[in-house]
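Enquirer: The chain contents come next:
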Amino acid sequence: MFSSLKSKIGQVLLPGDEFSFQTDETISLTGPTKQEKVVCGPGLRRSGDRLLVCKSGVLRHKAPNMFWMDSQQRRYVAVKGEAVIGIITVKSGDVFKVDFGGSEQASLSYLAFEGATKRNRPNVQVGDLVFAQFVVANKDMEPELVCVDSSGRANGMGVFGGGGLLFNVSLGLVRRLLAPHSDVLKDLQQLFPCELVVGMNGRLWVKSSSLQRTLIIANLLQSCDTMTAPQRQQLFKRVAQGAL
Amino acid sequence: MKDTPLSNCERDFLLKAIEEKKRLDGRQTYDYRKMKIRFGTDYGCCFVDLGKTKVMAQVSCELVAPKDSRPNEGIMFFNIELSPMASPAFEQGRQSELSVKLNRQLERCLRNSKCIDTESLCVVSGEKVWQIRVDVHMLNHDGNLMDAASIAAITALCHFRRPDVGIQGEEVTVYNPEERDPIPLSIYHMPISVSFAFFQQGTYLLVDPCEREERVMDGLLMIAMNKHREICSIQSSGGIMLLKEQVMRCSKIASVKVSEITELISKALENDKKARKAGERCGFAESMPQERITALKTEEASVEMTDVTERANDILQNAEAPPQSVPSPVVPVPGVGQVGQGLQNTWGLQEDDEDEEEENDNSGEEKEDRAVQMKEDKSEKPESRGGDVVEISDSEEEEVVILNP
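As you go down the protein sequences, you meet chains P and H in turn.
Reminder that position 122 of the first sequence reads as 122 in my numbering, one-by-one numbering, no gaps.
Each number in my numbering comes from the position in the second sequence (counting from 1) with 244 added on.
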């Protein structure tokens, strides 16, 4: 099955395609048999002795044995460990309610900030933007966010947002921006200096030296979602030349 | 589902941008978004795109009794639907405040301005008049629903054709569209609404606000005008205080915009008329770009061809004879029976099988005998199928009685 998976890397697969453990390969009785372990990522699901594709997209592979479906969508589903941009909606007692674009609002305790104690409450208002990560995110419970990592430090998380612009893009673009050696990020860096916060829920926050530049970057990122790499590079070059 | 809340950072940014005379999508203060008008296959169906805001209007007509107070005038009925398809903030079924406001504005804009000659809709005074019904559906909400709805409604009314009616003495005949060409409504003028959004207590104004701008605005001024520079309706909401000069300025801007939009509507109607005359296929399906997969290609797979003939011969020799093909194969599946002339009547067999299963093993043999006998009977008499009545019962009788007519 490893080989049948490997042969389909980079191809478009649809829900309903399956990979079965029974293959035509003969298992030699004398030589040692390797234990094949395949790690399934999002979009692949195991059902009995078959591996089913449940999202349409392109099959990707990461050495040594990780496979997943790279699909395009705009609606975000909370996943533990992911860092998202949320908007504070309700401030009630000990807990804030945060909207991150999912089916229900997540809860964020006021103690989950760096240096926050019962006496020293964080300065958070309704409507503020907050960069936090999920500690609880499954379909049976209310999602929970924190603004500290496991050692108690903020590590870039917390309240932010004066003077920038928040906008939505697809989840695919966000993943491309956060990938190591990202092309989109490299092209963006050649334009003009800006501050960029990327939330895995499809929300981006941008701030640049002037309002016009912020608007330009926001519009560029929203439109380069559906472009191929050469089209995007051409667009960025045109903007860089005609930039104010 | 509740809509995403507006963060403080977005609100501050938008207000600062408006002070610097910049809009999110790069428009100028008085610019409209790109407007597209398309028609459906039926007369009276119109789609309007205003940027990302999409609206559909459908006009239909019906003969009803007129109102008592106006016995020789037709009836106009307007309805705006806000479905959750347009925005997660809209709830299905509930009449929200926005829905009531839009309905009221559209009625005032189109009905009170008397843009349609309602007396021409009268068929028999006091008894039968035409009721024209305009349904506007919001397909996507990205701001400025009112303008899009008014353009869609008036364009659909101009596009609509009602059935022709002939009156001979006391008799009234409504002709089919195939018998006599349907006739258009008589429309005096086309009122179009233009929306102005005000910010910072009336200091800054924007034409055609998008959804983000609508969220941070202080108030909205809606002016409905026609191309003859007659104001049909003015409405101000949000409780802002406007100066006289501001309102005059807005009406001047509105007259310019309305003449541009009316020209666009006339051009769209002309194009549609030409297309229908030329017999081209027109309609919603045709206006969508066709993205078809026209080729299915896979990479070439290498096939070893050295010993193909030998292997093929081997396979042929070892294979069994193909199953006999029946002209019309009949597969009786449990639960399916067939009755018909010339075909095997399988209803009786099915029932017998079920009876066999239900019964105990003791009397099973009796039933089997009867079943076999019935099968034989049926196979002997295939021609006289139609007239026979076969009695099938659960009784313990050994004999089967076949009644012949």
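Hints in this document: simulated from the structure, not taken from any laboratory.
Treat the hints with care, as some may be off.
What the hints assert, rightly or not - Okay, derived cross-link-like pairs now, DSS-like style, lysine-lysine, Cα gap no bigger than 25 angstroms in a straight line:
1) P:K55 with P:K91
2) H:K296 with H:K265
3) P:K80 with H:K246
4) H:K372 with H:K345
5) H:K246 with P:K139
6) H:K298 with H:K260
7) P:K62 with P:K91
8) H:K517 with H:K488
9) P:K97 with P:K37
10) P:K97 with H:K246
11) P:K97 with P:K139
12) H:K296 with H:K278
13) P:K91 with H:K501
14) H:K518 with H:K266
15) H:K246 with H:K358
16) H:K280 with H:K517
17) P:K207 with H:K265
18) P:K207 with H:K501
19) H:K280 with H:K260
20) H:K511 with H:K358
21) H:K501 with H:K521
22) P:K207 with H:K280
23) H:K266 with P:K237
24) H:K496 with H:K471
Enquirer: A separate judgement is required for each hint: does it hold in the structure or not?
Expert: Structure-based check of all given hints:
A hinted pair counts as satisfied when its Cα atoms are at most 25 angstroms apart, and K55 of chain P with K91 of chain P does not qualify at roughly 37 angstroms. Under the criterion of a C-alpha separation no larger than 25 angstroms, the hint pairing K296 of chain H with K265 of chain H is consistent with the structure, at around 22 angstroms. Only pairs whose Cα atoms come within 25 angstroms are accepted, and K80 of chain P paired with K246 of chain H is accepted, the gap being roughly 24 angstroms. Distance restraint check for K372 of chain H and K345 of chain H: the Cα-Cα separation of roughly 31 angstroms exceeds the 25 angstroms cut-off, and the hinted pair is therefore not satisfied.
Straight-line distance between C-alpha atoms of K246 of chain H and K139 of chain P comes to about 19 angstroms, which keeps the hinted pair within the 25 angstroms bound. Using a Cα cut-off of 25 angstroms, the hinted pair K298 of chain H and K260 of chain H is violated, with the two alpha carbons roughly 28 angstroms apart. Proximity of K62 of chain P to K91 of chain P is assessed by CA-CA distance (about 42 angstroms); at most 25 angstroms being required, the pair is judged violated. Under the criterion of a C-alpha separation no larger than 25 angstroms, the hint pairing K517 of chain H with K488 of chain H is inconsistent with the structure, at around 43 angstroms.
At roughly 41 angstroms between alpha-carbon atoms, K97 of chain P and K37 of chain P are farther apart than 25 angstroms, so this suggested pair is violated. A distance of roughly 14 angstroms separates the Cα atoms of K97 of chain P and K246 of chain H; the hinted pair therefore holds under the 25 angstroms criterion. With a CA separation close to 18 angstroms, the supplied pair K97 of chain P and K139 of chain P stays within the 25 angstroms bound. For the suggested pair K296 of chain H and K278 of chain H, the alpha carbons sit about 9 angstroms apart, so the restraint of at most 25 angstroms is met.
For the given pair, K91 of chain P sits about 45 angstroms from K501 of chain H by alpha-carbon distance, which is inconsistent with the 25 angstroms threshold. For the hint pairing K518 of chain H with K266 of chain H, the CA-to-CA distance comes to about 41 angstroms; that exceeds 25 angstroms, so the pair is violated. With a C-alpha separation of about 39 angstroms, the suggested pairing of K246 of chain H with K358 of chain H is violated against the 25 angstroms cut-off. Taking the CA atoms of K280 of chain H and K517 of chain H, the gap is about 17 angstroms. The hint holds against a cut of 25 angstroms.
Distance hint between K207 of chain P and K265 of chain H is fulfilled; the C-alpha atoms sit about 18 angstroms from each other, no more than 25 angstroms. Our distance criterion of 25 angstroms between C-alpha atoms is broken by K207 of chain P and K501 of chain H, whose separation comes to about 35 angstroms. Pair hint K280 of chain H plus K260 of chain H does not hold up; C-alpha atoms about 31 angstroms apart against a cutoff of 25 angstroms. For the hint pairing K511 of chain H with K358 of chain H, the CA-to-CA distance comes to about 23 angstroms; that is within 25 angstroms, so the pair holds.
With a CA separation close to 31 angstroms, the supplied pair K501 of chain H and K521 of chain H exceeds the 25 angstroms bound. For the suggested pair K207 of chain P and K280 of chain H, the alpha carbons sit about 34 angstroms apart, so the restraint of at most 25 angstroms is broken. Distance check on the hinted pair: K266 of chain H and K237 of chain P sit about 23 angstroms apart at the alpha-carbon level, within 25 angstroms; holds. The suggested pairing of K496 of chain H with K471 of chain H holds, with an alpha-carbon distance near 12 angstroms, which does not exceed 25 angstroms.
Of the numbered hints given earlier, the model fails hints 1, 4, 6, 7, 8, 9, 13, 14, 15, 18, 19, 21 and 22; all others are met.
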